[in-house]
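Chemist: Now for the letters of each chain:
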Amino acid sequence: MYDNIQARLQKGGTILLDGALGSELVRRGVRWRKHGLLTDADRVKQLHEEYLAAGADVLRTNTFQLNPRIFLNVFRNRQHMRHIGAPGLEDLAPQLVRTSVAQARQARAQAGLEKTVAIAGVLSPLEHCFRPDLAPPPDAARREHEELARVFAEEKVDFLLLESMNTLAEAKAALAAGRAVGLPVWVSFVLGPEGELLGREPLEKAVAEMEKGGAEVVLVNCAPPEDITRALGRMKKFATRPFGGFAHIGRFSPPSWKFDFFPQFTDTEEWPPDRYAREADRWREQGARVVGGCCGTGPAHIAALRAWLGKNGAGSPRP
Amino acid sequence: MSYAAIRDRLARQQTVVLDGAIGTEILRRQVTWADHQLANRPEVVRSIHEDYIRAGADVISTNSFQLCRRALYNHFRDDAHRRHIGARDLDERAEKLLAASVRLAIEARERAAAGRPVAVAAAVTTLEWCFRPDLAPAADQARREYREIFQVMKDSGADLVLLETVNSIGEARVALEVAKSLGLPAWISFVCDEKGLLFTGETLAAAAAALEPLGVDAILLNCAPPDDITAGMKALAPHARVPIGAYPHIGRFDPPEWMFTDEYPPARYCEVAAQWKQMGARILGGCCGTTPEHIAALCTLP
Chain A
1 MYDNIQARLQ KGGTILLDGA LGSELVRRGV RWRKHGLLTD ADRVKQLHEE
51 YLAAGADVLR TNTFQLNPRI FLNVFRNRQH MRHIGAPGLE DLAPQLVRTS
101 VAQARQARAQ AGLEKTVAIA GVLSPLEHCF RPDLAPPPDA ARREHEELAR
151 VFAEEKVDFL LLESMNTLAE AKAALAAGRA VGLPVWVSFV LGPEGELLGR
201 EPLEKAVAEM EKGGAEVVLV NCAPPEDITR ALGRMKKFAT RPFGGFAHIG
251 RFSPPSWKFD FFPQFTDTEE WPPDRYAREA DRWREQGARV VGGCCGTGPA
301 HIAALRAWLG KNGAGSPRP
Chain B
1 MSYAAIRDRL ARQQTVVLDG AIGTEILRRQ VTWADHQLAN RPEVVRSIHE
51 DYIRAGADVI STNSFQLCRR ALYNHFRDDA HRRHIGARDL DERAEKLLAA
101 SVRLAIEARE RAAAGRPVAV AAAVTTLEWC FRPDLAPAAD QARREYREIF
151 QVMKDSGADL VLLETVNSIG EARVALEVAK SLGLPAWISF VCDEKGLLFT
201 GETLAAAAAA LEPLGVDAIL LNCAPPDDIT AGMKALAPHA RVPIGAYPHI
251 GRFDPPEWMF TDEYPPARYC EVAAQWKQMG ARILGGCCGT TPEHIAALCT
301 LP
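Protein chains in written order, with our numbering: chain A, 1 to 319; chain B, 1 to 302.
Chain A extracted, bound-state conformation (with noise of 0.2 Å):
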């Protein structure tokens, strides 16, 4: 489905991403492990088809920080994880973005719109997205970067989103990665309280960088909405392909012990969905063309922002 999210682009139309999966399964309360695939398959498959309902042109895996890494890294090594380890933890990340896909393209099946809805497989940083400094070097981020992209390849998703980026190192690892399985790649990066990349390289050079490495779209995510709108100002004058962002709302709660990914958001109320369509707005004025919704927003907040895109005539509805 690619080929219509292109054609639409191109064409100068509004391309809306769902919104949050983990924060949103947490806050349902689904008790978060292997996120949810394997114990929650139901409402996860659920999430997906109401971010439809609501309005979505594109359904994301719900894969955010699920790689080897993640299983690696609670042990000491190898040996150890196969020692005191469940059996099967080696392979057990790339059969879970396996079984993401096949989620989201049940919910998709299952809504009718194999046609116009396009499935992102994402990508995100293979440390934790909001420690830069734990970033793997270039070539071992290329490696496995590309090891997960593959997965996706074969399970024939739409294009691959880089999300929450948080070193232009790795996500031009990762952007190459997804050129070498053959698929399209959107790059979105994780702005730091300064307004550049959490890891503080400057946004413009990043954008420049992406745009070079054959990006197709380059976004800003995973801040708090005002943050998100200032540096889509400032994308609006450096970038010369299709951009776009998707903020988070509410606060990071993290979890009482090592847990590596835990999407726990609180105080979301203060970004009631009105308010987020509101503050998107202005992210059109920018010249955003693809908005969404990052950690702590849901299906309501995609169903406004299609209802403010409607009444804009920007996002002319899903065809």
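Hints in this document: simulated from the structure, not taken from any laboratory. In this text the structure is predicted, and so the values were computed from the model without any measurement. Just to be clear, a hint being listed does not mean it is correct.
Derived, one-sided and incomplete: chain B residues facing chain A with beta-carbon distance under 7 Å [claimed, not checked]:
id, residue
1, D35
2, H36
3, L67
4, L72
5, R77
6, L97
7, W129
8, F131
9, L135
10, R143
11, P255
12, M259
13, T261
Don't be surprised by glycine CBs; every beta carbon is placed ideally from N, CA and C.
Using the hints, position chain B against chain A.
Modeler: Only chain B this time, still in chain A's reference frame:
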């Protein structure tokens, strides 16, 4: 101080029974362990403590494994980032939850101990991931952080410190020095590999030699499968002059949760524990995967 009774028993060469797992027991009771559940489901935590006391445990450990400021802060780039997007209570959260963990254990003792002396151990592990000695912070930094943690636990009424799943002599020494400077009895428990070595490759003989002069009250082994614990006991027992003990895990680590297996039902668990007792172990309990039934079985050991 409820530790006096425990110290006496150890001095008389009697067996002291430690409790079993808290975190995995929360999971077994179908509650998520994405959080320690100290604030959201305190009744679940307290009832687990009570069940261990009723099973016969002499020492119960607080539900505070890995709970510290660093564990929360590690999820952010730095202070500026945390303040920008983090939950508003993060600067005080660790301290409040640590205090709550001690309070719940004390409440459980009041409800279930029925006058029997039960000590509350402040369960604290390495500042970084317990299986990753490569991540350990520098000694000066570690000292400051342990001081903060132990002070809260002491002020909240913990009777001793149980530093568990320790992976290096260096971090054990720092934590022990801090505990002693605060006047807290301290048990140090190491995780060992199948050869009975620490994860740094250091020996348990070296660990005993380093910690005993600093006043360690007991040295234990935990969070390894029973066979590895046996290897560790062989390496430790001939060298230790202080009381020693063991509490293995059973089942398999299935991050972020635990896979329960039927490999070590209470009776079999008790058989291996009897071997450690014969090798000199005076403190026996259970780590991940063990249940109140396992602890009850340990209490039947002659």
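Chemist: Evaluate each hint against the coordinates.
Modeler: Hint check results:
1. D35: Constraint on D35(B) satisfied, holds at 5 Å.
2. H36: OK, holds: H36(B) within 7 Å of chain A, min 5 Å.
3. L67: Nearest chain A Cβ about 5 Å off; hint holds.
4. L72: Given a least distance of 5 Å, the restraint on L72(B) holds.
5. R77: 6 Å, holds
6. L97: This hint holds: L97(B) lies near chain A, its Cβ roughly 6 Å from the closest one there, short of 7 Å.
7. W129: Holds, about 6 Å.
8. F131: 5 Å, holds
9. L135: Violated, because the Cβ-Cβ distance from L135(B) to chain A comes to roughly 10 Å (cut-off 7 Å).
10. R143: 20 Å, violated
11. P255: Where the cut-off is 7 Å and the nearest Cβ of chain A is about 5 Å from P255(B), the hint holds.
12. M259: M259(B) check passes; min Cβ-Cβ to chain A is 4 Å, inside 7 Å.
13. T261: 9 Å, violated
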